[in-house]
Structure formats: structure tokens, C-alpha cells
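Protein chains in written order, with the numbering used here: chain A, 36 to 339; chain B, 11 to 361.
Do not rely on the hints blindly, as some may be mistaken.
[As the list claims (entries may be wrong)] List time: in silico SDA-like cross-link candidates among lysine to any residue, alpha-carbon distance up to 25 Å:
#, chain 1, residue 1, chain 2, residue 2
1, B, Lys84, A, Thr247
2, B, Lys163, A, Arg152
3, B, Lys84, A, Pro245
4, B, Lys84, A, Phe100
5, B, Lys84, A, Phe249
6, B, Lys84, A, Lys103
7, B, Lys163, A, Thr247
8, B, Lys84, A, Glu231
9, B, Lys187, B, Gly172
10, B, Lys84, A, Ser233
11, B, Lys163, A, Lys103
12, A, Lys103, A, Ile317
13, B, Lys163, A, Leu246
14, B, Lys84, A, Ser244
15, B, Lys163, A, Pro245
16, B, Lys163, A, Ser244
17, B, Lys84, A, Thr253
Hints listed in this document are in silico derivations from the structure and should not be mistaken for laboratory results. Since we're looking at a predicted model, the values are computed, not measured.
Listed below, chain by chain, are the residues.
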Amino acid sequence: MTVGAVPAARAAPVARAGRERGLAAAGLIGPAYLWLLLTIFLPLSAMLLFSFLTVAPFGAREAEFTLKHYAAFFQKEFYRTLTWRSLRLGFDVTFWCVLIGYPTALALARHVPGRWREALFLLIVLPFWSNALVRVFSWTMVLRGGGLIDQAAQAVWPEAPSLGILFTYPAIVVGLVHSFLPYMILTCYLSLQAIEPSLEEAALSLGASPLTSFRRVTLPLSLPGMLVGVVLIFVPVIGSFMEPRILGGPEGIMLGTVIEDQFTVVFNWPLGAALSYILLAIVLLLIALAAPILGRPLAAASGR
Amino acid sequence: MSAVEVRNAVKRYGALAALDEVTLAVPEGEFFGLLGPSGSGKTTLLRAIAGFVVPDSGEIRIDGQRIEGVPVHKRGIGMVFQNYALFPHLSVFDNVAFGLSVRGVPAGEIRSRVAEALRLVRLSGLEERRPRQLSGGQQQRVALARALVTRPKVLLLDEPLGALDKRLRQEMQVELKLIQRTVGITTIFVTHDQEEALTLSDRIAILSEGRLVQVGPPAEVYERPATRFAAEFLGEANLFAGRAEAGALRTPSGLAIFSALPLPPGREAILAVRPEKIQLADLAMRAPDGANRIEGRILRSIYSGSSIAYRVEVPGQELTVFEQNRAARAREEGAAVALTWAPEHSIPVAP
Chain A
36 MTVGAVPAAR AAPVARAGRE RGLAAAGLIG PAYLWLLLTI FLPLSAMLLF
86 SFLTVAPFGA REAEFTLKHY AAFFQKEFYR TLTWRSLRLG FDVTFWCVLI
136 GYPTALALAR HVPGRWREAL FLLIVLPFWS NALVRVFSWT MVLRGGGLID
186 QAAQAVWPEA PSLGILFTYP AIVVGLVHSF LPYMILTCYL SLQAIEPSLE
236 EAALSLGASP LTSFRRVTLP LSLPGMLVGV VLIFVPVIGS FMEPRILGGP
286 EGIMLGTVIE DQFTVVFNWP LGAALSYILL AIVLLLIALA APILGRPLAA
336 ASGR
Chain B
11 MSAVEVRNAV KRYGALAALD EVTLAVPEGE FFGLLGPSGS GKTTLLRAIA
61 GFVVPDSGEI RIDGQRIEGV PVHKRGIGMV FQNYALFPHL SVFDNVAFGL
111 SVRGVPAGEI RSRVAEALRL VRLSGLEERR PRQLSGGQQQ RVALARALVT
161 RPKVLLLDEP LGALDKRLRQ EMQVELKLIQ RTVGITTIFV THDQEEALTL
211 SDRIAILSEG RLVQVGPPAE VYERPATRFA AEFLGEANLF AGRAEAGALR
261 TPSGLAIFSA LPLPPGREAI LAVRPEKIQL ADLAMRAPDG ANRIEGRILR
311 SIYSGSSIAY RVEVPGQELT VFEQNRAARA REEGAAVALT WAPEHSIPVA
361 P
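For reference, chain A alone in the conformation it holds in the complex (with noise of 0.2 Å):
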């Protein structure tokens, strides 16, 4: 029957069609994660060998197998400590850029006419170009007693009390903030800017007072961008050694900071090395603990 015998001679073209794009996909990603493997999982595999190890296996040294650094961690309160105090400057610095940057970016998106807005962006992915280590020891200067905002403020009032927090917690929480910032406005403003205008005027022509349709509409439909922001920015605050030792000084003490000095100062790299796997898989814990509430506004905003 020639009925028959058309998909069928169809289904041919069709099949290499699919193989062809298969091809063609696998060529486009390829380099990506050729280079993800080379780059980061060959490393971070050595790493994880690393940590098993009593010393390091450089020159001539003996390494046998062991588990003791992981062990370290769960037998000293110390590390428990400082372990609740990087989640804690997680949190807080991820509060901090929420509650700063998601406005900013609602601005941005709705308020700001085109060119300034090119302008405003400007400055806010300015500190991205500037060098990080740079960065932080100008807050220093900022900060210290009798540094710039000190002086700015006996400038008004000669008997201010002094304001300097260098090496104070809230300046450690200043400086990530600065840095991490323009993350949580760029994925809000992403997600704020693909909202339709007239979804809200929709809410208004409903009845919907503009705070109602902001909560019930715009927030609702924002909540993806910021979540990503959310993840983008505590995940390295938590494993974030510069600002702590700089602008915290003996206040700075992290689980980030120990982990650097085991590579640095130490040089006890398997311990090193079991305490990142550690803070990795703290990380990986809290986003499936996460998940179900993070997933559903996903799953909502897109529709589905």
C-alpha cells in the first residue's frame, strides 16, 4: 500500500535529521566540558585523593590511607563552631543582598528610563572590574577608627564617637555585601525585566491595589531570579576566606580562613582538603533541603 510506504520512507530523513542535530549538539558542548574535566574535575579528584591521605604525596614522602581528617572534624567543637559561623555570614550577607538588591533591581526594571538605566548599570558591575584584593583593603581604609567615614562624621560633629568597625563582624558582612551584590541585582533585574508590563496593569484593571499586584504578581513571578541570586551568592560567602581575614582580623576566623591556612600557612593539605569536601557537601545538603521550596516557585513562575 503507497499509504503505508510514505511515513515510512519519511521516517528515514527524519531519523538522520535527529542524528545530525544530536551531532551537532554534542560538537557545540563538547570544548565546554572537555575543559570542565580537564580544569576542574581532574583537580578536584586529586583533592578528594588528597584528603584520604596522611601527608601529602610530594617527593619522597611516605602517604598511607586514613581517615582521620574527616574524623577531626566531627571529634573538635572547634570546627562545629566555626563551621555555624560561616553559615551564619551566609546568611546574613545573603539577607543583606536581598533586601538591598532586589529593590534596586525593581527599580531598575520599572522605573528607570533606558539611558540612565545603561548608566546605573555601570556602576553597579563596577566593583566586578576593579581587583578584589584592591577592594577589600580600601574598605580597611574606609573603616578603621579615624578612617574615612570617622572623619566624615567629626567633620559635621567633632565629638562623634568614633564609628570604625574594621575587624569587627559587621565589617566582614559590609565587604561581601559589596562584592556579591551586583549578582543578586543582575538576576533579579533578569527576571523583573521578562515580567510583562501588562501583567500588573492586568491586576490593576482587576482591582488590585499596586502594593496587592506587586505581592501577588510581581514578587511571585521575580521569586526565580532571586532565588538564583540567593544560591549564586551564599554558596562562596560561606567558603569565603579575604574579606573574613582582612576586614575581620581576629573576628574572621572561618571555616574558609582554616581552609586557607591548611594550604598556606600549615601546609597540611590532606586536612585541608577533607575540610572542603566537608563545607561541599554542607552546601549540597542545605540546596536538597532546599529544594522542595525553592522548586516550587520555579515550577510556578514558569508556568507549569
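Given the structure of chain A, go ahead and fit chain B onto it with the hints provided.
Using the frame of chain A, we list chain B on its own:
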């Protein structure tokens, strides 16, 4: 009392006047169409009534109340947007319920009123779907149900059927009109589609460059266009320009066109004649007494199924003539023909 009244509304964007002294009144229960090309101000006018645009001057009243200072959410309007603007994160039920729940209507009443609204637009059973899972026509119905469920004083439709394909659009036109009649709600809609405006409206307003050109029932606006713009924008029109002399208009090329309507004697005037009012005949055919008769030659024919459009060359200009496709074959290009039409079809229009 008019349900919606606009008086001397002006809105300027820089040097451009989007609304230029617009005055109109829409009585209770009327289906009112705003028709015009893009940039004519029709959408600005609709958005001014909705409250998204604040006029520079003039008055807007809904139910006799001035509302220029009233924010959108307190105007008691229902609106259907061009892209429907359904909330993608809410189900069909929650979309329709939105206007009721922000008003604090009790849950039980919300359920029954949403069900009623969805029955009206024939979407019962799709309550749990997301907008993305609906076809364009279904999304349109949800948007309509959502706008009607709050029982607004006025329903505003912004190019409501613009995103649908032609067949679906015609179906929805019939249904939209039926729903509007059933609910009896005053409705103002914006369209650039002349056929849609003629089909749906009780009255049409034609806008051009922020000004109202003509307002009236579809047949009146079509049969008696007031201006050249109205004649050419709504449907097609053949225009004869010339000087009026004793009941006829004489064109520079020597044609004498008769009109049953008074012409300003000795002055320049324009007559508009609809292409379907003109009859084509062989040269031997004589016109009835008093009818217009001019001779011409067919330049080309455009076949469109039920009718055929001819471009005909007559002294000094070309005309368009529509003929019902009754004959076995179209008239040949190059053939000489007589064009006749009754003088009441020659309509004087303002330039």
C-alpha cells in the same frame, strides 16, 4: 445618562498629539468600536478611560462620575489586553478569581461566580489548567471571563482578537457579541481591523491623528463617510476630485459625476464611490436615466473567489470595481466596459 463620557480630552507626547480634543459619549449597554490606524490615538483613548494614561486636559466620566483623579484599581473597569495578560503562575480558576479575591469576596461566592463566568465563555472543566496549556482562543476566553467576573461598569477591550487566526477570529467575533448582549455590559473596544469594527460595533468611532473623524452606526459610517480619510480607511473608495457645477462634479479630465446629495456650487469637492456600487457592462448597454455612466478599459483583474476586483482605466484616473463572481469567467484585461452607478452612491466627502 451615558455610561462613559469623554469631553475635550487632550494628551500630548512632546509635539505629538495622541488625543486632540476628543469628545464622545457611550450610552449604557452599547458595544462601541474605536477604529483607526496605528498612531491614531485609539489605544491612548482606551488607556485614558482605563486610567493607565492621564490626559493633559479634558474630562472623563464613568457613570456620570469624573474619574481623572481616580486610580485604575478603583475605577470599576474590566479590561482584556491584546496579549491577554493572563497570570502565568496561576491556574485558570485563580486567574478568573483574582479580581474577586483582591476584593475580599468570600471563598464560596468566588467559587460559584468563577464557575458562572467560565460557563459563560464555555470553558467549564479547564479550571486547573495553566494559561500556557491553553490555545489562543481559550486564553482569550479566560481573559474575558476574568474581566467580566467582577461585574465592572465598563468592559474595555484592546485589540481583543488581534492575536487569533482568521477563522477563530470570526468565531470569536460572533461569540463576543453574544456574550456582550447576554451580560448587557457597556463595552468599548479598539481595533485596526475594519471588518471586525463593522461586525461587532453598535457604533464606530474613526480616529486619525488623535482626532475623532466620524462617529455612527457601522452602516452609516460606511455608506456616508464624512471625510476622505473615513472613506478610504473603512473599506475601499474611488475618489473623484473636481469642481461642482449644477448638480454634478466635473473632473479636470472632463468626467461629469452626478450625486444625489447637494454639492457646494462652484467650489472644489470630492466624491467617493464604493467599488461594489459600480456596475460593469458592455459598451452597448445604456444607463438608466439620471445614472452615472463612464467608459473605461479593464487594466487587470484580481480574483478572490466570491468576487473579482477590477482595476479600470477611465479618463484621468483608475477606479476599482468589485463584481460578484457570477459569470463563468472573469472579464478580459484590455476589454472596453461601461461603468454605471446611481447618483445616490456618489458621496461628497470633506478633504
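Taking the hints in turn, this is what the structure says about them:
no.: 1; hint: B:Lys84 to A:Thr247; result: holds (13 Å)
no.: 2; hint: B:Lys163 to A:Arg152; result: violated (39 Å)
no.: 3; hint: B:Lys84 to A:Pro245; result: holds (11 Å)
no.: 4; hint: B:Lys84 to A:Phe100; result: violated (73 Å)
no.: 5; hint: B:Lys84 to A:Phe249; result: holds (17 Å)
no.: 6; hint: B:Lys84 to A:Lys103; result: violated (69 Å)
no.: 7; hint: B:Lys163 to A:Thr247; result: holds (22 Å)
no.: 8; hint: B:Lys84 to A:Glu231; result: holds (22 Å)
no.: 9; hint: B:Lys187 to B:Gly172; result: holds (16 Å)
no.: 10; hint: B:Lys84 to A:Ser233; result: holds (18 Å)
no.: 11; hint: B:Lys163 to A:Lys103; result: violated (76 Å)
no.: 12; hint: A:Lys103 to A:Ile317; result: holds (19 Å)
no.: 13; hint: B:Lys163 to A:Leu246; result: holds (24 Å)
no.: 14; hint: B:Lys84 to A:Ser244; result: holds (8 Å)
no.: 15; hint: B:Lys163 to A:Pro245; result: holds (21 Å)
no.: 16; hint: B:Lys163 to A:Ser244; result: holds (18 Å)
no.: 17; hint: B:Lys84 to A:Thr253; result: holds (20 Å)
Hint violations for this structure: numbers 2, 4, 6, 11, all remaining hints satisfied.
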